[in-house]
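J.: Sequences are here, hints too, so could you generate the full structure?
As a plain string of letters, each chain reads:
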Amino acid sequence: MSIAEPIAESSVARESDYVWTLNFGPQHPATHTTLRIVLKLDGERVIDAVPDIGYLHSGFEKTGEHLNYNQYVTITDRMNYISPVANGVAWHAAVEKLLDIEITPRCKYLRTIVAELARISDHLLCTGAMGLDTGAFTFFLYAFYQREVIYDIFETISGQRFHPSMTRVGGLAYDFTPLVIEKIRTFVKNFPQTLDDMERLLNRNRIFVDRTKGVGLLSKERATNMSATGPIARASGVTRDLRKDEPYLAYADFDFQVCCSKVGDCFARYYVRMAEMRESLKIVAQAIENIPAGPINVGIDERMTLPTKSQVYQTIEGTITHFELVMWNRGFVVPSEETYAAIEAPNGELGFYVVGDGSDVAYRARTRPPSFIHFSLFPELIRGHTLSDVVAVLGSLNIIAAELDR
Amino acid sequence: MSADNMTAIDALKARCGDMPVSEFRGDRRVVVAKDKLLDVMSLLKGERGFDLLVDVTCVDYLNYRDATSRFGLVYLLANTATNERLTVRVYLDEPDLTVASMVPLWAGANWLEREVFDMFGIQFDGHPDLRRILMPEEFVAFPLRKDYPLQGRGERHNFQRLTRSEA
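Residue numbers (my numbering), protein chains in the order written: chain A, 1 to 406; chain B, 1001 to 1167.
Hints are supplied without guarantee of correctness; some may be wrong.
[Said to hold, decoys possible] Listed next, the in silico DSSO-like pairs over lysine-lysine satisfying Cα-Cα at most 30 Å (straight line): (1) Lys244/A - Lys282/A; (2) Lys1045/B - Lys220/A; (3) Lys62/A - Lys1034/B; (4) Lys183/A - Lys309/A; (5) Lys244/A - Lys1045/B; (6) Lys244/A - Lys1146/B; (7) Lys40/A - Lys62/A; (8) Lys1146/B - Lys282/A; (9) Lys62/A - Lys1013/B; (10) Lys97/A - Lys1146/B; (11) Lys1045/B - Lys97/A; (12) Lys1146/B - Lys262/A; (13) Lys108/A - Lys244/A; (14) Lys213/A - Lys183/A.
[Claimed, not checked] Using C-beta positions, here's what the derived DEER-type ranges look like: (15) Pro1128/B - Lys213/A: 29 to 39 Å; (16) Ala30/A - Lys1013/B: 51 to 61 Å; (17) Arg1156/B - Ile320/A: 55 to 65 Å; (18) Gly159/A - Arg1015/B: 52 to 62 Å; (19) Arg1156/B - Ser388/A: 31 to 41 Å; (20) Pro1020/B - Ala30/A: 47 to 57 Å; (21) Met1019/B - Asp42/A: 49 to 59 Å.
Keep in mind the hints are simulated off the structure, nothing from the lab.
Owing to the predicted nature of the structure, the values given are computational and were not obtained by experimental measurement.
We put the beta carbon where it would ideally sit given N, CA and C, even for glycine.
T.: If you want it as structure tokens, here you go:
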């Protein structure tokens, strides 16, 4: 109704007059990232929510068709930038499946360790930000302090805090130095205490529990039907965890448990994440003491990883491999085939569908983005709750807009 | 062979006729005719327990070596009880880019199919809300098609530029 139109004669308000629309985002501190939700409100009650995404769409999948298998890891790092290493591990798991490369045991262990550290840092951010949104600022600072330690470890490994781009086809760009191992050991020793503190701060916190228990309920059947995976599905009672169900990397070697809840509300999603951090820490503690010796890259015979400089200068195979990989028109030998590989990323199943066409650039590099799939759950989780619950539900889903829109 | 011992692919063949099956690095893939897709998927979900639709995506095979069809839809299915995975492919050719929507079977297909529509222009018959999801509503092209250039067709720099004094 435009302003110029005469006001209807009836003085009785219709039902629809009570409903008003609120734009939540795209620039709002509590969305944490760039996403927009159009909320239909009756007073404070959310009647409907319509997510509107795409504000951060940057054509990552199109870029993936123009960068070679090693270069694209810098792009996958920027998808879920909260746990960038896990994206690189997933991408190269898919590429190595396509190229049929079996990575070395040491590489498997190192990738497992960094992927688990990434999971801890992702869960710290998610639970921390969820605490922040529901009024627990101290909790957020505890979480971010430990997250900083993890970033320090990544910086020591690769020289980059946020986007280490560590993985390469058939190996890793960096080996662990003794300093890295020392720092991870220190983290493993100190972190449980912070975790205890964090749990003591929130698990029985009256405000936090009141704001998250019973909010955003998701049933087990609905979770699977909506393709939910990861901690969100596990908080609803789905026991699926790719680390146990399809053991990849070195996960079969470690003793850890899959954390589940039957409740399916925001508190359960928070609780599952807190429990998963302890399990991840168990994996890191076991892996760091048992790293196999040997090379991190597959041998030069496979012609997949760059040889070391001494190999290049002192052996003919090294020289040839280096030449083959560096030259424009050579590079990887890729079958004209397609495959899908997935890992259990912090947010859920993160997979890549890679189509090879013989060249060293992927013909299609599809990401299965957990954030995208989980955000489609949002309208049904928030319907019937109040406006203040929007941030609690959003925080518990851990939506990362860069992965949502790619 | 009893029904329990049959693999999902055997059951599909028995019910819906012969279909091309292939295996690559342990991924089992089956190619389904477009008009049989809904039957096949109902069978897989209802009787074979593929309750998780992992992903829906599409590949544009323009200029791909030995490709016979323009588009290949990919449905990645998983069974959460047995951890079995299955890839179902459907090939589409212009001008008829319409295929049955999977939303009646898996509600999670909603956004995934919207994204395929947005990026490739595949129409999903029976989809409740087939709008663009990542690109703006007024966008006309389908950016992940292979005939769409990497740097776009001027969508960005054709926007009118306003300076502070004109605004």
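J.: Please verify whether Lys244/A and Lys282/A have alpha carbons no more than 30 Å apart.
T.: 15 Å, holds
J.: Can the restraint linking Lys1146/B and Lys262/A be considered satisfied, given a maximum Cα separation of 30 Å?
T.: Violated. Lys1146/B to Lys262/A sits at ~45 Å, over the 30 Å cutoff.
J.: Would the hint linking Lys1146/B and Lys282/A be met if the CA-CA limit is 30 Å?
T.: Given that 30 Å is the threshold and the Cα spacing comes to 46 Å, the pair is violated.
J.: Hinted pair, alpha-carbon criterion (30 Å max): Lys1045/B, Lys220/A. Please report holds or violated.
T.: 16 Å, holds
J.: Checking one constraint from the list: CA of Lys40/A to CA of Lys62/A, max 30 Å. Satisfied?
T.: Distance ~35 Å between Lys40/A and Lys62/A Cα, so the pair is violated.
J.: Can you tell me whether the CB distance of Gly159/A to Arg1015/B sits inside 52 to 62 Å?
T.: 57 Å, holds
J.: With 31 to 41 Å as the target window, see if Arg1156/B and Ser388/A comply at their CB atoms.
T.: 38 Å, holds
J.: Verify the proposed pairing of Lys97/A with Lys1146/B, using a straight-line Cα cut of 30 Å.
T.: 24 Å, holds
J.: Does Lys62/A pair with Lys1034/B here, judged by a C-alpha cut-off of 30 Å?
T.: Between Lys62/A and Lys1034/B the Cα gap is close to 26 Å, so the pair holds against 30 Å.
J.: The hint says 51 to 61 Å between Ala30/A and Lys1013/B; measuring C-beta to C-beta, is that right?
T.: Once the Cβ atoms are compared, 52 Å apart, the range 51 to 61 Å for Lys1013/B and Ala30/A holds.
J.: Looking only at beta-carbon atoms, does the pair Met1019/B, Asp42/A fall within the given range of 49 to 59 Å?
T.: The hint (49 to 59 Å, Cβ to Cβ) holds, given that Met1019/B and Asp42/A are roughly 51 Å apart.
J.: For the pair supplied as a hint, Lys244/A and Lys1045/B, confirm whether the alpha-carbon distance does not exceed 30 Å.
T.: Measuring from Cα to Cα gives roughly 23 Å; hence the hint holds.
Figure legend: structure checked against the earlier numbered hints; hints not met, in rising order: 6, 7, 8, 9, 12, 14, 17.
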